Structures are given as structure tokens and as C-alpha cells.
Amino acid sequence: MTEGIHARLQLAWPGFRLAVDLDLPATGVTAIFGHSGSGKTSLLRCIAGLARAPGGLVRFQGESWQEGNHFVPTHRRPIGYVFQEASLFPHLSARGNLDFARRRADRGRPAIDLDQAVDLLGIRHLLDRLPAQLSGGERQRVAIARALLINPRLLLMDEPLAALDQARKGEILPYLENLRRELALPILYVSHSAEEVARLGDHLVAMAEGQVLASGPLGETLSRLDFPIKLGEDTGVVVEATITARDATWHLAEASFAGGALWLRDTGHALGERVRVRVLARDISLALSRHDDSSIVNVLPARVLEIAEDAAEGLALVRLAVGDTALVARLTRRSAHLLELAPGKAVWAQIKSVAVIQ
Amino acid sequence: MSGALLHWQAIWLTLKLAAVTTAVLLVLATPLAWWLARTSSRLKQPVAALCALPLVLPPTVLGFYLLVLMGPQGPVGQFTQWLGIGTLPFTFTGLVVASTIYSLPFALQPLQTAFEGLGERPLEVAATLRAGPWDRAVHVVLPLARNGILSAAVLAFAHTIGEFGVVLMIGGNIPGATQVLSVAIFNHVEAMEYIEAHWLAGGMVVFSFLVLLALYAFNQRGARIGVGTGGAGHD
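One line per chain: the protein sequences are E and Z, in this order. With the numbering used here, the residue at position 297 of the first sequence is 350, and numbering never jumps. With the numbering used here, the residue at position 225 of the second sequence is 237, and numbering never jumps.
Among these hints, one or two may not hold up.
[As the list claims (entries may be wrong)] Derived DEER-like restraints, expressed as beta-carbon distance ranges: (1) Z:GLY184 to E:ARG129: 32 to 38 Å; (2) Z:LYS56 to E:PRO67: 18 to 24 Å; (3) E:ASN122 to Z:TRP47: 21 to 27 Å; (4) E:GLU56 to Z:SER53: 29 to 35 Å; (5) E:SER188 to Z:ALA226: 51 to 57 Å.
To be clear, the hints were calculated from the coordinates, so they are not data collected in a lab. This structure is a prediction, so every number in the text was calculated from the model and none was measured. Every residue gets a Cβ at the ideal spot worked out from N, C-alpha and C, and that includes glycine.
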């Protein structure tokens, strides 16, 4: 993958160790997921050149950023960086902060212009304010616009929502989804939130104790029963689907994916629109025959691929194939035993609820 | 020469000395404070202690050593003579050198506090926005440390205006050349000219009060808009 990002880094500080050897795609959003202290921020800082792992190697699209004694300082790397907490220059207005980036932007390639960045992040009405006069969420939106205006070839985001409360997160996530949809800009997105990862990621890297435990396409990686980070109630998969029908009477929309279709509450998406649907393992129950006498709308024929014990006592995780798409169900071990579930067995997956997350 | 002319000469000389000293100190103390704020070198504590010495030493001790060093037999004196500029004691340049050393801690401390208060983050942010080291210093560090720099300048200026012992030791008392206000006041008191002493001394009290008032008011405003303030050296 010479056109992607390659990072081979080792760091050892008292009480902390980082040892990674990663190939990442230089397209879409790569979510770097792990609990705090897992080394994900250190990895990002090394890629940015803000931290230096002696003897490490960082390459981006064939360009060497660090190799042997060669070390490109941060200000010469074509990156944008969004920090976890507000990082706006306090002495400059929102506009001043954006101008700081525009004056230093890479002019060698087509750039996002001020109007585009301002509209993408919805910050036009905030431009004349000082950072001290903005809310946490507004500051972070300005910081994201500023990182875009430097015209980066790679955007690094270090838990941009972690310092915000739930309401503010909800306020910013749609803007991040805009970025993902509208800019052909590779993004490395560090997060410890399963929800953010499910909403934004295309590729998933799971980290713990300074090491990479899994790396792969989001859907595939999340459906692995041996996914190394226990998600508990958040266990579930993400399915890319297309809106293929809308039922005005019942206010429902049909989202088709490889191997089947789900009916969802109509959230106003147009026919043909791509959506991302999250199906949590705890919302799927299994039956051996099809029941039409329940309130459950989505009942899909599936085949058992694999069964594993869940971290929680008494529960099992079952990986299912619905056509070409993998789902994960979480049920009691007793149910798994009574249904005599085994790889290859045909079952009906009853899906209690599905959420469109994009 | 009339008394009034002497007064104006002393006032002018004092202001000139304070202005030149402040300018020299800002140039020298800024990099030094930056180094002290960010280094983890083992030299940090000794250097910091050395720079703080003028705070605790009697001005006469400082003046005495400066006189010895810069005098005809001292190493600095030998060097300046070799350069062909003679010796520094009893000249305006000598006063500037002495004042710079004497007021150094007053410039250094607010600068160092301001730089330490900045933290690593603004510099990292600037680096991710393509700002190189000089760009960062000029467009991020200096504006963010603005209040610290202002405090340093005001304190260095005011402290130089108030110095007495060091000047007397190495500057002597030459009207028009090295006789500054504080020395002029001393002369008036010695000569029992209390009215003249009152005018000059009272003027200095008012001046010093106004300078400090302006400084505190400015720092207060800086704190309100959230720009990092470098507190005054001893507040």
C-alpha cells in the first residue's frame, strides 16, 4: 500500500509503551479506537511530528516524513490537526484564527475556500467573536474549519468531541459527517466512543496498551466476534445501505443492503440516497421459524456463521450472514443452547430496532 | 547653572537612562526568559539564582563589584580600554550597563511567568498550521505574552528610575552626565534644600503610582479577555 499511510513506531516512556506497524488507507475516515491510555493519541502525534519516536518510520503517499535521521518538522508536513480541547488562539477572533491558517495554506493545490469551510461548519455568524465568547462546540467547529483552511492532504483529529457534553457532540457530529461526505480528504480520527466510530469510520484500527489489536474495514472488523475491545451494550455492526422505497402511510423507509432490506422510520432521506445503519447486537433475537405475529417489523433469513462467549456471563455472541452482510446478535447462552445453534444453521433474525446514523 | 536647569537635566537623564535600559533589557531578557521557561537543563537553577541576585544584594555590593570590574584594572575595564572606548564608570554607558544588571530580575520574571503560562499547546497548534519557529515566536508567542512583556517593560523602566545606590557607586554625581533624579534628591537633602527635594521626591511618588496603576489596570483587562497575563514580578 505505497499510496497509503505507513507508520512503524516504537516509544517507551515510564509506564507507557507504543509499538505499532500499521498500513492505513489514505482515503476515507480511519477511526483509531481505544480506551484512554491505549496509545492512540501518541500514534497521531507521531504521525503529525508533534512527538518523535526515535528510529520510527512514517510515510504518507510515498513521501517520507520520518525515516532514520530524516525527520520532517510538523510545520512542513501537509497535515491539518484538530486537538481535543479548544485550541483557538485566544488573542484572535474566529476570523483571525481562520486567516492565520489561510495565510499559511498550501497554495500548490486546489484549496477549500473560506466560504466553503465556513458553510460546511456553520460558523458564519461567529466570525467576529473572540474564542472566549464562543461555546465549547462553536470553538471546536472553528478549529475544524481552521484545520481545513490550511489545505491539508491528511486531516488528523484527536478526540475532537471528547471535551464536549452529549448535546454539543450531537451538534457537531453532523458537520463531521458533512466533511466525510463532501471532501475527498483522508482523515485519521482518534476516539474512544463506539458511537462516533460507527458513525464516521470507514476503516477501523483498535488499539490497547500501545499496540494495534485489529485493523480493517469498519463493517468487517466490527462484526468480528473476537473484536479485541469489549463494547458490551455497544456491540453491533454498521451496514451501508441505499434507500429503495418510502411508505408515506406508515412513515417508513426501506434501506436495501447486500443481501436484504430493512424497514426503518422514515427520517427524510431521498430515494437512492446512501445511508449508514447501525444494528446493535442486543437488538437482534433469533428464532427457528418465522413469526408474523409479533411487533417486530424486520425479520430476515440468516445463517449462523460463528458462536462465541460474550464477556458478560451467561451471554453469547452469534455472527450471522444475511446474504453478503454480517450481523452480530447477543443472546443468552441458554437460548443458544435451546435453539441448538451451530455454524451453518438457518435461523430468522428478528431485529427490534435499527438506527440510521447518517 | 540655575537649579531649574539642573532639575530638567536630571529628569531628562533619568528618563533617557530608563528608556535605554528598558530597551536593552527587553532584547536580552526575552530570549533568556524563554530559555528559562522551557529548558530542563541542569543549568536552569543556577542561572535563575544568578539572575535574581540583584533582588537581594545591597546595591552598594553590586555597584562595588561593577566598579572593580569596569575600572581601569578590572577585566571589563581592560577590555573596554583595549577596544579604545576607555573605562565605563562615570559615563552614561556605564550607568546603562549597571542599570541593566540591576533591573534584570524585574524584566525577567514577568517574561518568564508569561512564557511558562503559555504552555506547549499554542506552539503545537501553530506548527500544525505551517508556522515555522520564527513565525511562531512573532505571531503567537509575542502576542500571547503581550501583558508579560508590558509588565517587564514597565517594571524595568520604573525600577531604573528609582535606582540610587548602584548609580552612586559607579556613576558618581556628575550633573548632566550621570546625575539622575534620585541622586539629585540626595544632594538637595544633604544641602538642606527641602523644598527642591519635595518637588522631585513628590513627583517621583506620583509618577511611580501612576505607572503601577496603569500596569494593574492593563493586566486586569487582559485577564478578562482571556489573554495569558504575565503577572507583575512581585504581585
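### Hints violated by the structure (listed by number, smallest first)
Violated: hints 1, 4, 5.
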